[in-house]
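Protein chains: 2
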Amino acid sequence: MSTALPAALIAELSALLGAEGWRMDDNALEANAQDNSWRHQRPAAVALPASVEQVQALVRACRVHGVALVARGAGTGTTGAAVPLPGSIVLSFTRMDRIVEIRAGDRCAVVQPGVLNGTLQQALAPHGLFWAPDPSSAEICSVGGNLACNAGGPRAVKYGTSRDNVLGLVAVTGTGEVIRCGGAYTKDSTGYDLTHLLVGSEGTLALIVEATLKLTPLPVSQAGLRVLYRDADAAAAAVSRLMSQPVVPTRLEFMDARSLELLRLNGADVPEAGAMLLVEADGDHDTLPYLLQALASAAEGDGMIELDVAMEGRARDQLWAARKALSPALRTVAPGKINEDVVVPVSRIPELVAGVQALARDYTLTIVTFGHAGNGNLHVNILYHPDDADENARAHAALPKIFELTLSLGGTLSGEHGIGLAKRDFMAQAFSPATLATMRAIKAALDPDGILNPGKVLPLA
Amino acid sequence: MSTALPAALIAELSALLGAEGWRMDDNALEANAQDNSWRHQRPAAVALPASVEQVQALVRACRVHGVALVARGAGTGTTGAAVPLPGSIVLSFTRMDRIVEIRAGDRCAVVQPGVLNGTLQQALAPHGLFWAPDPSSAEICSVGGNLACNAGGPRAVKYGTSRDNVLGLVAVTGTGEVIRCGGAYTKDSTGYDLTHLLVGSEGTLALIVEATLKLTPLPVSQAGLRVLYRDADAAAAAVSRLMSQPVVPTRLEFMDARSLELLRLNGADVPEAGAMLLVEADGDHDTLPYLLQALASAAEGDGMIELDVAMEGRARDQLWAARKALSPALRTVAPGKINEDVVVPVSRIPELVAGVQALARDYTLTIVTFGHAGNGNLHVNILYHPDDADENARAHAALPKIFELTLSLGGTLSGEHGIGLAKRDFMAQAFSPATLATMRAIKAALDPDGILNPGKVLPLA
Numbered sequence: 001m002s003t004a005l006p007a008a009l010i011a012e013l014s015a016l017l018g019a020e021g022w023r024m025d026d027n028a029l030e031a032n033a034q035d036n037s038w039r040h041q042r043p044a045a046v047a048l049p050a051s052v053e054q055v056q057a058l059v060r061a062c063r064v065h066g067v068a069l070v071a072r073g074a075g076t077g078t079t080g081a082a083v084p085l086p087g088s089i090v091l092s093f094t095r096m097d098r099i100v101e102i103r104a105g106d107r108c109a110v111v112q113p114g115v116l117n118g119t120l121q122q123a124l125a126p127h128g129l130f131w132a133p134d135p136s137s138a139e140i141c142s143v144g145g146n147l148a149c150n151a152g153g154p155r156a157v158k159y160g161t162s163r164d165n166v167l168g169l170v171a172v173t174g175t176g177e178v179i180r181c182g183g184a185y186t187k188d189s190t191g192y193d194l195t196h197l198l199v200g201s202e203g204t205l206a207l208i209v210e211a212t213l214k215l216t217p218l219p220v221s222q223a224g225l226r227v228l229y230r231d232a233d234a235a236a237a238a239v240s241r242l243m244s245q246p247v248v249p250t251r252l253e254f255m256d257a258r259s260l261e262l263l264r265l266n267g268a269d270v271p272e273a274g275a276m277l278l279v280e281a282d283g284d285h286d287t288l289p290y291l292l293q294a295l296a297s298a299a300e301g302d303g304m305i306e307l308d309v310a311m312e313g314r315a316r317d318q319l320w321a322a323r324k325a326l327s328p329a330l331r332t333v334a335p336g337k338i339n340e341d342v343v344v345p346v347s348r349i350p351e352l353v354a355g356v357q358a359l360a361r362d363y364t365l366t367i368v369t370f371g372h373a374g375n376g377n378l379h380v381n382i383l384y385h386p387d388d389a390d391e392n393a394r395a396h397a398a399l400p401k402i403f404e405l406t407l408s409l410g411g412t413l414s415g416e417h418g419i420g421l422a423k424r425d426f427m428a429q430a431f432s433p434a435t436l437a438t439m440r441a442i443k444a445a446l447d448p449d450g451i452l453n454p455g456k457v458l459p460l461a
Numbered sequence: 001m002s003t004a005l006p007a008a009l010i011a012e013l014s015a016l017l018g019a020e021g022w023r024m025d026d027n028a029l030e031a032n033a034q035d036n037s038w039r040h041q042r043p044a045a046v047a048l049p050a051s052v053e054q055v056q057a058l059v060r061a062c063r064v065h066g067v068a069l070v071a072r073g074a075g076t077g078t079t080g081a082a083v084p085l086p087g088s089i090v091l092s093f094t095r096m097d098r099i100v101e102i103r104a105g106d107r108c109a110v111v112q113p114g115v116l117n118g119t120l121q122q123a124l125a126p127h128g129l130f131w132a133p134d135p136s137s138a139e140i141c142s143v144g145g146n147l148a149c150n151a152g153g154p155r156a157v158k159y160g161t162s163r164d165n166v167l168g169l170v171a172v173t174g175t176g177e178v179i180r181c182g183g184a185y186t187k188d189s190t191g192y193d194l195t196h197l198l199v200g201s202e203g204t205l206a207l208i209v210e211a212t213l214k215l216t217p218l219p220v221s222q223a224g225l226r227v228l229y230r231d232a233d234a235a236a237a238a239v240s241r242l243m244s245q246p247v248v249p250t251r252l253e254f255m256d257a258r259s260l261e262l263l264r265l266n267g268a269d270v271p272e273a274g275a276m277l278l279v280e281a282d283g284d285h286d287t288l289p290y291l292l293q294a295l296a297s298a299a300e301g302d303g304m305i306e307l308d309v310a311m312e313g314r315a316r317d318q319l320w321a322a323r324k325a326l327s328p329a330l331r332t333v334a335p336g337k338i339n340e341d342v343v344v345p346v347s348r349i350p351e352l353v354a355g356v357q358a359l360a361r362d363y364t365l366t367i368v369t370f371g372h373a374g375n376g377n378l379h380v381n382i383l384y385h386p387d388d389a390d391e392n393a394r395a396h397a398a399l400p401k402i403f404e405l406t407l408s409l410g411g412t413l414s415g416e417h418g419i420g421l422a423k424r425d426f427m428a429q430a431f432s433p434a435t436l437a438t439m440r441a442i443k444a445a446l447d448p449d450g451i452l453n454p455g456k457v458l459p460l461a
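Sequence order for the protein chains is A and B.
Every letter in the first sequence is one number past the one before it in UniProt numbering, and letter 48, counting from 1, is 48.
Every letter in the second sequence is one number past the one before it in UniProt numbering, and letter 242, counting from 1, is 242.
No lab work stands behind these hints, which were simulated from the structure alone.
Fair warning: this is a prediction, and the values are worked out from it, not measured in the lab.
Cβ coordinates follow ideal geometry from the N, Cα and C atoms, glycine included.
Hints may contain errors.
Heads up, incomplete: computed chain A residues facing chain B, CB under 10 Å, no partners named [claimed, not checked]:
#1 A125
#2 G128
#3 G411
#4 A430
#5 A441
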């Protein structure tokens, strides 16, 4: 594909979308040039359709001219999935941001993809409902983006990820056709499950233009435990115990010794320990003490140092503030950070944590591991100074080893960030050639000319 | 396709599979000729592979000779999905019935498709775990069959259907390739979601040869409520209230006035009422009273006649015995039964029930409606005498009207039985031509020669 748009296409799309919907000025190109992976590439133009019909016309025009379309929500993704290709058009869903309907009685909401997760949660709260996905960028990321990369967050251990919380979709395929699957119901054995297929496909199969989201009633109250362990092994054994008893925690977060050191360096009041778990339960005033008791019993065991019951209110806020402070704190140690979100079976967490620390020693790097232990989904953060060429090289050399380790433990590359460009070239290690060929065949079925976000997710053939 | 198998194929497959794995005798053909839809068609042969390699070789041989392969679990399906085509080979998974591994620490089990749901539950119980899908045939249906039609059951309101409870699959596509997706982890944003796509595809896309199932810890105790209402509207309003508060019931079953009449006719001790809900909660001895209280508060409201707290033990067993007695009781009224499993948004249940009763009057039929109200998934049973040509015709004329009604309420054709042959010809009402074309393109991507269960699920083009 050439990097200059055909004049006929520009004329067609500027007439279709108008001044508000068609931008080729520097400001617009620059504002849509990167995501939170810090990759940077200006597109040839930015299209901001306001209706499904405009999305269809846009896709059809791009198909005729062989121009790539890169769908974009709020640009908070971490994998480069929304980063433009040279000569591509960014399709920004900023103007399709309506909450179409909140159906409290059916526990679902119909939304356009551009609505922000945080805006949706605010609109749902008066109905006593919430949408489960809670990535750390929730206030500023879009629901469409959440669906595109199957975003999760700490609450996923109890309530599931984006994929588990969508009931139906309307989408535009690579041929400009509108497809409609699922709806305002929670059980469906009618034909092929296109809904779950599109979630996590990062704009490469079809463009989601409307979603029916599954909602959950807000809990009456919440409370948490802070539990310290001798080492990561002891904490990981506790994670397995916690996950095999009937009280499902709402959040179950793990922090390794380096995470705790970092917190202390930044002035947080966290005792010295080999690892820490934050465990939280949802319930009401009557049941919560019993739920916490069950979780505390499961958390206890060999290697536990201290268990702190931090009930509602200020103590609980402090507990979670410590967890939230962790990601920014990493930047104080080193300006460069490779943050991966690998997943392993819960029983293999000790081996993952130990293996990562062995790699940190081998490559003389600081690697900090914390995250959503109840799902075996840990954030492995390689810290480095980008200007230190040697450290930079070591950091990027260690990354494939972390994926290799994860796969050897029966895990996979990404639990909630997606693949984009960042992990695309590791897909061939995660999947057999036949499985990748099947994914490619599905891509060709929905997007026969390969105009939807080409070069993302699937490795180049 | 001719109805006689090519001699070369017979020679190849009998050598491949041996006497235990290749059957063309009358007994075998007859034993694999029907499912619980009572459609009947003998296959040309029955293949019983014992390994993934044999499944691959079988698919490749059938592809070369253009012979259709119809996958079969235990034959308890109700839609004809497992009923052979003339000249086809049934691929029975009876011999691939091993529980490969129970990974209690990872809350998952790896199984072959032929294992029975009931056998699996027995093996899981000592680990304090269960697999959520609980169709009424649980004791005798296979896990592979459950996955093929996305089976549910009453517990789905809290724990989800088969699709919600599978973490990974190994499958053989229509080209004989093995694909592998997902695994022993509960969060996954790595590539396209083939796992959920294959669930519910009724053996038309690929043959599931191994599944990693998500398990749930067994609750410590359970208890239920029996609630009687003036009419279906009052009961349906209670369903909406029950589903919009934070205590998710484990089961939430609805029975209309005709269901209750039937129960009384059969000697069950059920008071006269317009509708009944059975509501159940999972918990432990400490929390259960509070959970029941929350459910009882939500169940109360305009039109409630009586609320009966039937705690654990005998009272609870009686409550559920009454529900289970319902399906067999239908046979005492009429020997013919068309049992559909439509789904509507929970808030539309009153209109569905009223609309069905209007159709019953219009067509002079007895139609009994009961089922999984928490999911809006109701079993609409049209009762008739097959030998009464006129009643038979009226019953089959009413069926499309029931689907029409369901779709007009924003619902869909099937919540847990699947499509098979029974609902195939209604798919074009449920989906737009573009959506069906996308499903067909996906079918062609995975099974390019159309040898896997052709003519099922998708309407003939």
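Tell me the numbers of any earlier hints that the structure contravenes, in ascending order.
Hint check: 1 fails alone, others pass.
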